[in-house]
Structures are given as structure tokens and as C-alpha cells.
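With these hints in hand, go ahead and build the complete structure from the sequences.
Here is how the chains run, residue by residue.
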Amino acid sequence: MSDTPKQNDWSKPAAMAIPKEGFFKLEQGRYGPVYPKTPACHGFTIIAKIIPGREEVIREYGRNIEKAVAGNPHCLAVLKLHYLRWVLFDIGKDTYFMYQGIFDTDFDKYTEDAVGLFTKLGIRTVFENLEGFPADWQTNAPAFIEFVREHQCPSFLEYGEYPYVSSDEIKKALKLKAAFSDMLDQMQ
Amino acid sequence: MLEFDDIQYILLTRAPAITGRYEFLSFRNSAGGRAWLTAILETVHSVEQARASVGKDNRWVSVAFTWNGLRALGVDEASLATFPEEFKQGMVARAEVLGDTGANHPENWLGGLASPDLHAIVVLFARDVAERQRCEAEHQRLIAQCEGVEVLSSLDLEATPPFDYAHDHFGYRDRMSQPVIEGSGEEPTPGSGAPLKAGEFILGYPDEAGPSVNQPQPEILARNGSYMAYRRLQEHVGAFRDFLKNHGQTPEEQELVAAKLMGRWRSGAPLVLAPDKNDPALGADPQRNNDFNYKQQDPVGYAVPLGSHIRRMNPRDTAANMNRRRMIRRGGTYGPHLPEDAPEDGVERGIAAFVICASLIRQFEFAQNVWANDRNFHELGNERDPIIGNQDGTLEYKIPKRPDPEKNHWPSGIHDGAGRRLLFSARPQGASIPCVPRRGPMRRCEFT
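Going line by line, the protein sequences match chains A and B.
Residue numbers for the first sequence follow the numbering used here, so the first one is 1 and each next one is one higher.
Residue numbers for the second sequence follow the numbering used here, so the first one is 1001 and each next one is one higher.
Read the hints as simulated data drawn from the structure, not as lab findings.
Facing chain B, from chain A, some residues (calculated, C-beta under 10 Å): (1) Asp106; (2) Tyr110; (3) Thr119; (4) Asn140; (5) Ala141; (6) Pro142; (7) Ser166; (8) Asp168.
Here are the simulated distance ranges between beta carbons: (9) B/Gly1183 to A/Glu56: 42 to 48 Å; (10) A/Glu66 to B/Gly1381: 33 to 39 Å; (11) A/Ala178 to B/Glu1003: 55 to 61 Å; (12) A/Gly53 to B/Asp1317: 43 to 49 Å.
Ideal Cβ positions, reconstructed from N, Cα and C, are used throughout, including at glycine.
And the structure:
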């Protein structure tokens, strides 16, 4: 669980160096150790080798996600995301995939929701093109989560220009700004 | 089609009981355990039997086993390995996930419930105390005939007055928001959501995500069974009443503080529908008392605080995939009633309840880990469930209050709407075991 005490002032940029394990003290979550909230919020970096010849399939997945979000801009809302980045890169003759997410919840808290979401949206997850990914992921959330954890590379340093601020708080601030702007217009 | 003749009654029906008894058992040898099981099965009601004879029966029995208990009874290792990891580990190993730390740590669990020797529970509900005592004596005779079967501990249940509706020792009305299983024949009350696929609660049936998968093998170990988590929650009634008095000047204000902790008035009336004044008629009306949501009707929590018990345990339209998180609750209160004007007497009393679901990790553990004990649920920062969350003295509870333009004039300062901060020391004492109800043919018979 995210037993994060109240964090610092958002106006004071902060950095956090993280031990090799990815956490400071072992705290058990439902599917494994809980990773700490850092100035850059929660997140993961998953790196795995792709099945040879699947690069174009993965790039097509990117275009599918773009369409899904355009059709339903809030389709990923449950994941409490800030940003997702998908990267393909080569090491020697092999192609690797990196999936980096920054979000506001613990690593394993809403993973079942993520699995359910991918199934519901009909998105053929890009993970199916990675070596060792469980073929029955749609009906086997624990196996999906185990794969993700096995391929997670914890950060050794994270930085936030506006540390610990959630995406909901950012959206609230922007709404407030818009409301003030509207209020000032009304007072003219 | 649900196999009502092979599903234990407790999964789908509620006995009209005002008392009961739980006995926690250990099997020192498997032959004795199997002899006990063979005999006790004669008394276990199926759904079909319970529905057919509820008017004339006086007692209802259910049984369930821990993973260690299944091994003690002789289930082979290959089959044992097919159970999910969280069930195999048992609740003691999962204590941190569940928030059972500090005063709630398994070291403090009563009655041997943290012991690996805990193998089974037999759950009795009875129409009256005389019947409970008769059944207790019958069970003692049965155990005496079964070599190596030992009672680790027991707990008697007693309803608390007034007896015309279910409520806990704090006085909160209970049983207003229960999921309904598709094909059970029951109709959900307004606001309770559509009936859910049976596989959310009963093993071997399709669930909300599709066909039944990854079930324990062989099938006979799983089909028509379920997982059941046991929670014994002590209620510190004197401390609770003192808390209300410390935070409310008048009886009306104290009643509102109680309502704000729960999200409902103690009468059961939901704060979303009755935000300012108790409405006992609303609380007692199942056609109205659960018919509300949050996103449209109370998005900020001016009526029901974001961290209140019912908003955490059932976020309704403010959480995703609610159909994968629901649970069936059964159980009752134990310990003597503490009269309203009586001082705290130091006697233990509380709730001893079961959470029934098809996936302990996805349903029960999620509710404990994320909903009850996540300090930052709904971005609250430093709270846990004020009723069942693990309180360690460092947490707070925020009650949002709508800024009152008559009282808060700009530009003397923008009211932050955060309201006042309350500190609440909830009840410690947890004890819990995940169990899988046995499955197999059931026949109705008297205790032997």
C-alpha cells in the first residue's frame, strides 16, 4: 500500500537516490515488494527482448493505442497515469522493448485493472510480442503481474521539478486556473 | 445453472438466527479428521435444503478448511499445489498486505488462529440460545468420537438489542449493500448494481471476465466451493462513545459525527440522501436506503467524507471494475451488549465475520490493502478507514464542509473546505483465516 507520509512542498524540486532493490525497506504488497513513491511519483521501467521479427507488429500497436485514446480520451483513466513511453532499441542483433510509466499508484495496486482494461478495450497488448510473456495473460492476472515484476528495472535516481504532485492535483489546478479566468471575464 | 444442491447455504442465503457459534479445529491425524468430516457433513445445509426448510429449521451449519487443513485431511501434494498462492501462504503470511500490523499483528490474534495447526472452522447459526447449546453439546460428543480432532478455540455469537434489525455494537445498521448473484433467484435492491456472474463468488462458474480458469484441481476440490476470510474485529464501545462526545456538543452533533465516520446514519440512512438530518424510515427501507452514487450526487464528499467506511468499501461509480471487487459478507456480533448509559466494562465485544469471494487476492486482499488501509486513498494523504482500518495514532480523518458564504466572507481568506480534523482510535484485534468451504454432496440431518 502507498503508506507515503505527507510529502514536501511541491514548489521545491527534489531528487531521490534509490537502493538497488528498488525500495528502502521491504514492505510486502499483494504481488511482491512495494516500491516507494518518489519525487517523480510511482512508476516502472520494463525492459524485455522482443520475439524476433515482431518489431513492425509493435509499431502497429502504437498506432492502435493512438486510435483508442483518440476515440475515448479517458480510456486509460483508471491507471492514474502521468506519462507512458514505449521505446524500441537494439543491443547487438537483438531488439529490446522498454515500457516506462509514471503514475500515481503503487506498482501492483491496480494491475488487475490494467489487465482488465486491455481486455475490455480489445487491445492486443504489446507484451504478447515479448519473449517469455504468458500466453494466457487475459485470464491469468497473476502471471501477467509476475512477468512485469521480473522485467522491472528499478530506477537508481528519480527527480521531480514539482515533486509528489498527482495528475489529479495538476488537473484540478488547471481547472481552477480556467475557472478564475472565466470568473475574471464575468466581472468585466 | 447454479447447482443449489451442492453449494453450501452460507454462500447464497442468510439464516434467520440471533445466535451462533464458531469452533476452530485441528486434526492431529487424518483418519480422525475424515471421520469428523463424514459425520458433520450430515448436518451441513445446501442452498436447496436451506431454502426448502428455512421456516422449520432451528440451526444451520457450514464448514471450511485452511490449506493446512486440506493437507491434514489427506489431500495429496499435487492437488494442494494447484491452489492460489495467497491461500497457500495463509493469512498470517499475508498480514502486512492486509494491514494486520501493530496491535493487529498475528502475534495478538486470539484462540490459536495464527497457528499452522488451525485446520478447519465449523460455523453454526441457531434460532435461539437453547438450540445453540444443544448443538454445542452434540458437537462435543462427535469430537470425542473422532481421534485426534481438537477444538483450538470457539466463539459464541449474540445479537445485540434491539433485535428487530441487524446492527453492530456501535449501533450501525448492517446488511444494506450486498451483491446479488446472477441465477440465484434474488433481485438486487435499487442502487445495488446488476446481478454479478456466479464465478465472482463461487468456484467453477464463469465470472465477470469470462469462463472459469485456473481453478484448483481436481475439479471436485473447487466446483461449488469458495474462499472465505474470517475477521474478528473488537469494538471498543466505550472509547467509541467517548469519541462521539469529544467531537459533538449535542446528541444531534454526536450522531452526525458517527454518521460521518460510516457514511450512513446509524439508522442506515445514507448521508448522500439525508445529509443533514437522520431519517430512520429511509434507513429501514431497502427500496431506498442503497439507491445513490457519488460521482454525481456527492463528488467532493460534503455529505459522505471521501475516507468514510462505506465510501472506501464500496466506491460505487468512483472506482473502476467494481464488478471484480465485490464480496459477500456473513457473520454476526459477539460479546454482551453495553447499555447506552453504562460505562465501559472491559468485556470484549465485536464483530466476527466472513468475507466470501472467488479470489482472495483480487477481492478481499484488495479491499483490505487498497480500500481500507491505503493512506492516500482518494488522495487523502494520511487516513485509513475509520472503522476497520489499522489505526496507529498518527492518522487523521477529514470531514469536508461546504464553505458557508454567510460565515466566510472574502477577502478575509479563502475557506479551504477541508473542514476539521478528527483523530480516531479504532478497534484493534484482528484474527483471520482464509478457508475454502468443502464441497461434495450434502444431506440434511441432525447432529449425531
